[in-house]
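Q: Residue strings, one per chain:
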Amino acid sequence: MHGLAFDIAHLLAGGLVLVSFMLLYQDRLYALLNIFALHALVLALSVAWQAFVQDAPHLYVTAAIALVFKAIVIPVVLHRIIQRLGIHREIENVVGIGLTMLAGVGLVALSLAVMLRVTAEAAPLAREDMAFALSVVLLGLLIMVTRRNAVSQVVGFMSLENGLVLAAAGAKGMPLVVEISVAFSILIAFIVIGIFLFRIRERFDTVDVQALDRYRGERQ
Amino acid sequence: MSGLPLHPATLVLLIPLATASLLALLPSYRLTARLNTLAALATLAAAVSLLVDDPPAPGHYLLVDELNIVFIVLSTFVGFTTSVFSASYIAHELAIERLTPKYLRFYHAMYQMLMFAMNLALLADNIGLMWVAIEIATLTTVLMVGIYRTHEALEAAWKYFILGSVGIALALFGTILVYMAARPVIGEGLDAMVWTVLLGHAAAFDPALLDVAFVFLLLGYGTKVGLAPVHAWLPDAHAEGPTPISAVLSGLLLNVALYAVLRFKLLLSGNPEALAPGPLMVTMGLVSLVFAAFMLYRRRDIKRMFAYSSIEHMGIITFAFGLGGPLANFAGLLHMVMHSLTKSAIFFAVGHIAQIKGTQKIADIRGLTETNPWLGWGLVVGVVAISGLPPLGIFMSEFLIVSSNFAREPLLAIPLVSGLLIAFGALLLRLNGLAFGEPTGSTAPAEASYVPMFAHLALVLAGGLYLPPPLVLWFQHVAGMLH
Chain A
1 MHGLAFDIAH LLAGGLVLVS FMLLYQDRLY ALLNIFALHA LVLALSVAWQ AFVQDAPHLY
61 VTAAIALVFK AIVIPVVLHR IIQRLGIHRE IENVVGIGLT MLAGVGLVAL SLAVMLRVTA
121 EAAPLAREDM AFALSVVLLG LLIMVTRRNA VSQVVGFMSL ENGLVLAAAG AKGMPLVVEI
181 SVAFSILIAF IVIGIFLFRI RERFDTVDVQ ALDRYRGERQ
Chain B
1 MSGLPLHPAT LVLLIPLATA SLLALLPSYR LTARLNTLAA LATLAAAVSL LVDDPPAPGH
61 YLLVDELNIV FIVLSTFVGF TTSVFSASYI AHELAIERLT PKYLRFYHAM YQMLMFAMNL
121 ALLADNIGLM WVAIEIATLT TVLMVGIYRT HEALEAAWKY FILGSVGIAL ALFGTILVYM
181 AARPVIGEGL DAMVWTVLLG HAAAFDPALL DVAFVFLLLG YGTKVGLAPV HAWLPDAHAE
241 GPTPISAVLS GLLLNVALYA VLRFKLLLSG NPEALAPGPL MVTMGLVSLV FAAFMLYRRR
301 DIKRMFAYSS IEHMGIITFA FGLGGPLANF AGLLHMVMHS LTKSAIFFAV GHIAQIKGTQ
361 KIADIRGLTE TNPWLGWGLV VGVVAISGLP PLGIFMSEFL IVSSNFAREP LLAIPLVSGL
421 LIAFGALLLR LNGLAFGEPT GSTAPAEASY VPMFAHLALV LAGGLYLPPP LVLWFQHVAG
481 MLH
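Note that the protein sequences, when read in sequence, are chains A and B.
Each step along the first sequence adds one to the number in the working numbering, with nothing skipped, and position 67 is 67.
Each step along the second sequence adds one to the number in the working numbering, with nothing skipped, and position 77 is 77.
What the hints contain is simulated information worked out from the structure, not anything from laboratory work.
Even for Gly, the Cβ is constructed at its ideal location relative to N, Cα and C.
Treat the hints loosely; a few may be bogus.
As the list claims (entries may be wrong) - Pairwise CB distance ranges, derived in the manner of DEER restraints: (1) Lys102(B) - Leu4(A): 57 to 65 Å; (2) Leu190(B) - Arg117(A): 24 to 32 Å; (3) Gln476(B) - Val145(A): 41 to 49 Å; (4) Glu66(B) - His79(A): 51 to 59 Å; (5) Val451(B) - Leu112(A): 54 to 62 Å.
To be verified - Just some of the chain B residues that point at chain A, by a computed CB distance under 7 Å: (6) Ser165; (7) Tyr179; (8) Met193.
With the rest of the complex left out, here is chain A:
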């Protein structure tokens, strides 16, 4: 039984890393949002599995938040916003997809090398979870840096945050996990409301962050 529990946890956490890679090479906003919904779904399954394995019922709440809020509500709202703002076009990448994927592979290798070494004494389940979680966090950062578009930066941030929730769920018996996932949901809700309320398009004519650079720094 223990072997199976471990294998499934491993499969789900590994799946999250894989979906992170899928986020990396999307070049259309709608596709990006759909993949993100998948990302949140895998996270919800993974956290629910941890709740079951660790016999920690409060983690089911975190899984439910991930499922309802991040896999359904946020993608739907972002879809609407994109429609309303009329920006359903291709995403501009700063660097080519091949190079981004290579960098992603490098980051995953790095996080495995670091985390597996420093957690040598931890339980194998927690160990692998932390290594995968750090990979997801770093890939999220990579998405944020390689995209110029505000919506895809937000998606990058949300996938990064999914990695953190995975880490928190994997650290056995960690208190405040539910509170932290609620706090993060509020943060994300703020960002999404921010995109809409501030009407970045109206203010900046485009949601392309590159256009914001014109205003950066000193104004003459």
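Starting from the known structure of chain A, arrange chain B on it as the hints suggest.
A: Positioned in the frame of chain A, the structure of chain B alone reads:
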């Protein structure tokens, strides 16, 4: 809190929280501005009474010890004086219709919310709670930075939001790693996230895990301190938000983030096999100092210039704490207090100056000492203080930092002293243009409240001339705690 529902520590949290919800409901801006000041004063009173009250036994969530009392008293004091300044600043913004009464209601509620979040972060005895508090503080300041809703304000808020979020995300990962390190020793559950418990068992933690955790925490909370590689949000957020918020950001929020770094540094130095946190902090501090010193020369916006000066000083403070030892820690604490007081005084002056002149461009502001002697000379004293000239307080603390540095690591004094001198030159160069020469722009008298600014400057001057022995004793004690 251990059976004391109305202990000052709880009051320091409850007053801002209750006022925040009340202010969100009240429509009249005159009333809310007064109530804001009143609540800040009450919080200050509660914070001061922490000094005489016996600290309660540390609980699972809250902790009162000598280290955080210094931060709380400073925080609530600057919070109070800024609320006095804010009342007169806001009245002008309303008169020129840059802000509407609806936004003001929101502004005052957010101000108290920020005070609550900062006090919670300082009082937290739980690394998870501290993280949540710093996240709330980030959110409220993001909202306040964007309150003018101009191109620049929104861009600054967005940049701050994204960088701040990444910062706190990294900090959370570090927090989880600390828990992972503590769990095998302390056991599962809440205890493994409580400061006092963590500190007691630090020696038994897995050193490798602690090392990685500290790197994440330093980068994460360091983003909020405004340390050099991850400082990019800071100048924009200072320049585009309302000036009272710039004062609170520079004077308080940066300190709160630094406090978090210091707590984790204590944890690491409790473990003999973990990496020494000092050199990392020294490096980041020096890089921030030298980088910001050079950037000061190219500033054309007055608030942006003082924002870079904040990066410079946070660099100096981080350097001092990274160096460690009783003298450097003492100097670091003193420098932090003096910097908070001086920088917020400067922002009080700059806020009114920008209102009178209708611009923040340095080139368009000249001859302030002639047109507005009080503000002009206040700014002169403030800038002289911040650039580290005697007899003001910052000279004293910088002198202590440099001399302890010479005694311990003479080679590091080269970048430190050259950074200080470069920044000194830039500030005095700009000050000359701002304060003296042919006056330009509007010469209308300011409807300013001078009391907060001069109160701060008087304290900084007093600190440079004479430090009362009880204060020295208190700071020495805290410096001893910090290793």
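Q: So, for every hint listed, does it hold in this structure?
A: Here's how the hints hold up against the structure:
For the hinted restraint 57 to 65 Å between Lys102(B) and Leu4(A), the CB-CB distance of approximately 58 Å keeps it satisfied. Judged by the Cβ atoms, the range 24 to 32 Å given for Leu190(B) and Arg117(A) holds: they are separated by roughly 29 Å. In this structure, Gln476(B) and Val145(A) meet the distance hint of 41 to 49 Å, their C-beta atoms being roughly 45 Å apart. Between Glu66(B) and His79(A) the C-beta distance comes to about 53 Å, which sits within the given range of 51 to 59 Å.
Taking 54 to 62 Å as the suggested C-beta distance range, the pair Val451(B) and Leu112(A) conforms, at roughly 59 Å. With a least beta-carbon distance of about 6 Å to chain A, the hint placing Ser165(B) at the interface is held under the 7 Å criterion. A hinted interface residue such as Tyr179(B) counts as satisfied when its beta carbon comes closer than 7 Å to some beta carbon of chain A; here the least separation is about 5 Å, so the hint holds. At about 6 Å, the closest approach between the beta carbon of Met193(B) and any beta carbon in chain A falls short of 7 Å, and the interface hint on this residue holds.
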